[in-house]
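For reference, the chains in residue letters:
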Amino acid sequence: MTRRLLQSKFLSHYVRDRSAVVGSVILLIVLLGAIFAPLIAPQNPYDPRTLSLQDSLKPPIWMEGGQAPFLLGTDDQGRDILSTILYGCRTSFLVGFSVILIAGTIGVTVGLLAAFYSGILDAVTMRIADTFFSFSTTLMAMLLLGIFKGGGIPLVILAIVIADWVRYARTMRGSVLGVKEDDYVQAARACGGSNLRIMIRHILPNAIPPILVVAAVDFGAVVMLEATLSFLGVGVPINKPSLGMMISLGKNYIYAGKWWLTIFPGAALISIVLGINLLADWLREEINPKLKKR
Amino acid sequence: MFAYIVRRIAQSFIVLLAVSLICFAIFQFMGDPVLTLAGRYATQEQQEMVRRSLGLDKPFYTQYLAFLGNAAHGDFGLSYVTQVPVLRLIFERLPASIELAVTAMFLSLFLGIALGVVSSLKPHSPGSRVIMTGSLFGISLPTFLVGILLILIFAVLLRVLPPFGRGRVVKVVGNWRTGFLTIDGLRHLILPALTLGMYQLAVLLRLTRGGMLEALQEDYTRTAWAKGLSQRIVMFKHALRNVLIPVVTIAGLQMGELIAFSIVTESIFQWPGSGNLLLTSIYETDHPVIVAYVMITALIVLTINIFIDILYGILNPKISYD
Numbered sequence: 001m002t003r004r005l006l007q008s009k010f011l012s013h014y015v016r017d018r019s020a021v022v023g024s025v026i027l028l029i030v031l032l033g034a035i036f037a038p039l040i041a042p043q044n045p046y047d048p049r050t051l052s053l054q055d056s057l058k059p060p061i062w063m064e065g066g067q068a069p070f071l072l073g074t075d076d077q078g079r080d081i082l083s084t085i086l087y088g089c090r091t092s093f094l095v096g097f098s099v100i101l102i103a104g105t106i107g108v109t110v111g112l113l114a115a116f117y118s119g120i121l122d123a124v125t126m127r128i129a130d131t132f133f134s135f136s137t138t139l140m141a142m143l144l145l146g147i148f149k150g151g152g153i154p155l156v157i158l159a160i161v162i163a164d165w166v167r168y169a170r171t172m173r174g175s176v177l178g179v180k181e182d183d184y185v186q187a188a189r190a191c192g193g194s195n196l197r198i199m200i201r202h203i204l205p206n207a208i209p210p211i212l213v214v215a216a217v218d219f220g221a222v223v224m225l226e227a228t229l230s231f232l233g234v235g236v237p238i239n240k241p242s243l244g245m246m247i248s249l250g251k252n253y254i255y256a257g258k259w260w261l262t263i264f265p266g267a268a269l270i271s272i273v274l275g276i277n278l279l280a281d282w283l284r285e286e287i288n289p290k291l292k293k294r
Numbered sequence: 001m002f003a004y005i006v007r008r009i010a011q012s013f014i015v016l017l018a019v020s021l022i023c024f025a026i027f028q029f030m031g032d033p034v035l036t037l038a039g040r041y042a043t044q045e046q047q048e049m050v051r052r053s054l055g056l057d058k059p060f061y062t063q064y065l066a067f068l069g070n071a072a073h074g075d076f077g078l079s080y081v082t083q084v085p086v087l088r089l090i091f092e093r094l095p096a097s098i099e100l101a102v103t104a105m106f107l108s109l110f111l112g113i114a115l116g117v118v119s120s121l122k123p124h125s126p127g128s129r130v131i132m133t134g135s136l137f138g139i140s141l142p143t144f145l146v147g148i149l150l151i152l153i154f155a156v157l158l159r160v161l162p163p164f165g166r167g168r169v170v171k172v173v174g175n176w177r178t179g180f181l182t183i184d185g186l187r188h189l190i191l192p193a194l195t196l197g198m199y200q201l202a203v204l205l206r207l208t209r210g211g212m213l214e215a216l217q218e219d220y221t222r223t224a225w226a227k228g229l230s231q232r233i234v235m236f237k238h239a240l241r242n243v244l245i246p247v248v249t250i251a252g253l254q255m256g257e258l259i260a261f262s263i264v265t266e267s268i269f270q271w272p273g274s275g276n277l278l279l280t281s282i283y284e285t286d287h288p289v290i291v292a293y294v295m296i297t298a299l300i301v302l303t304i305n306i307f308i309d310i311l312y313g314i315l316n317p318k319i320s321y322d
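One line per chain: the protein sequences are B and Z, in this order.
Its first residue numbered 1, the first sequence is counted upward by one per residue in my numbering.
Its first residue numbered 1, the second sequence is counted upward by one per residue in my numbering.
Hints in this document: simulated from the structure, not taken from any laboratory.
Source: prediction; values computed, not measured.
Where a beta carbon is used, it is the ideal one built from N, C-alpha and C, also for glycine.
Be aware that one or more of the hints could be misleading.
Facing chain Z, a subset of chain B residues (Cβ under 7 Å, in silico) [as the list claims (entries may be wrong)]:
hint : residue
1    : Leu139
2    : Tyr184
3    : Val185
4    : Met224
5    : Thr228
6    : Asn277
Derived CB-CB ranges, DEER-like [as the list claims (entries may be wrong)]:
hint : chain 1 : residue 1 : chain 2 : residue 2 : range
7    : Z       : Lys122    : B       : Leu53     : 54 to 64 Å
8    : B       : Leu11     : Z       : Phe137    : 25 to 35 Å
9    : Z       : Arg241    : B       : Gln186    : 38 to 48 Å
10   : B       : Arg284    : Z       : Gly167    : 39 to 49 Å
11   : B       : Tyr253    : Z       : His124    : 24 to 34 Å
12   : B       : Leu121    : Z       : Leu181    : 50 to 60 Å
Model the full structure from these sequences, guided by the hints.
Below, the structure is given as structure tokens:
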């Protein structure tokens, strides 16, 4: 099994694609940092007992006035920037994974059913999808959160899911329409397979690859969206860590030359999104060889 | 063609109705503006008075029908907070938003397509690699971060461009004050327009490049080269023309996103536009403003999409709407 995997084209292409490797290494580092944040962060920035206003607005350690253990400096509450970033990345990953799992499941199911049964079901769902699509995901999530104020991280996830599932439904529908009439589906039907069995055993595995690409790209978009919403003050509540909120706070200090409040969380955010986008590029080429780099 | 356009307009109208109904329903059941407006310490009677004065005591369908009737006459009611007609509030700020969005749109279309074509000519040259790396950052940077980085570089460190506001504006007609006609206004426009256009620019660039690389391998381009046509004609008349269709589609689909991102951009640069108004209204639970903003946005997006469908027909004679 392992040998087959090692010899497969999939893996050898991956190893040869330098940007995919770089992307996954960046992503892995940030992910590990986020998972083990409570163990490696020098401070728990959301435990008020560990904070001291005397430590506020310290620059990074290599600059004049920098102070251990605040490697990347502190913010106006005396929170260690590095620790806050690690905890903020946890929120980013939590929101990102939850949204693509939930929105993906809903979208794939709806798209599969709509394309398989076509007719009225298809027409209705696709009109709904069109209506959703003519609005932007960002605007819709912003409005939903503006209306249902103060619901915490689960509400942020829910709002993004509501605005975002259409993307998956559309892709899945297109993909299913492409394989629905293939010979193996006809064969399965001729053998007397039930609709459910045909959908799950035969159509789903063949129609799912484009969804993987959409999910990868979408993960980056969702992480950016959460940061944007929190930046605008309608996302994650103020007592929860978020990269977007850190940047929004740091914005007040850029004119005073205190750049570390903004630049470091910004860099963490870019790393996550850049990492996943590099991986997504590779995945897209792998799944659609027509796009191969020339 | 004519029948098609009429059908599209009818469909758009239904979408608008659906949007208004959904907006109205959500506001009906979520968040009570009376609590916000009457203040936390208002007595029961004071709250009731506010409720009655806003017409919020009537049943849902009466309120909705009244709203629709008024909206058809261009009346979206008064803002809860400022007691000014909502439409006037939005229209006062719309010119600033439109100027910003249009500039960003042109910037991203022009630069995106131009750089995409350039980087497809010699895909492996150092210049193309720089462009592609730049575009990767362009799609990986959220709008608000782009804005802050631009402010940090050009306004704080280099001190060459203003960090916020719209600068000097001059009155053109009616309510329309423009920043296009003064040097100061143009200087204030550069950073916000770049911020707003950056993501689109990167997306269109990558799309154009991908399409051009594919189109340049096709038989018809090979034929064009073989006929001895100049590079300019082959690139623009044969290859680019076929690439423009998906590019225009995506640019159209991104219109909604452009409006959403303009809210973020306006908030960062304290741009006195309608996006900033929406954010304030969200914070203040000013429902009539939010509903009117959403309806106007939907109207703009739907109109642009109809125009894009018509543009298809011009770009590709094979498409006919019968």
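Cross-check of the supplied hints:
no. : hint                             : result
1   : Leu139                           : 4 Å, holds
2   : Tyr184                           : 29 Å, violated
3   : Val185                           : 29 Å, violated
4   : Met224                           : 4 Å, holds
5   : Thr228                           : 5 Å, holds
6   : Asn277                           : 5 Å, holds
7   : Z:Lys122 to B:Leu53: 54 to 64 Å  : 57 Å, holds
8   : B:Leu11 to Z:Phe137: 25 to 35 Å  : 28 Å, holds
9   : Z:Arg241 to B:Gln186: 38 to 48 Å : 39 Å, holds
10  : B:Arg284 to Z:Gly167: 39 to 49 Å : 42 Å, holds
11  : B:Tyr253 to Z:His124: 24 to 34 Å : 43 Å, violated
12  : B:Leu121 to Z:Leu181: 50 to 60 Å : 54 Å, holds
Of the numbered hints listed earlier, those contradicted by the structure are 2, 3, 11.
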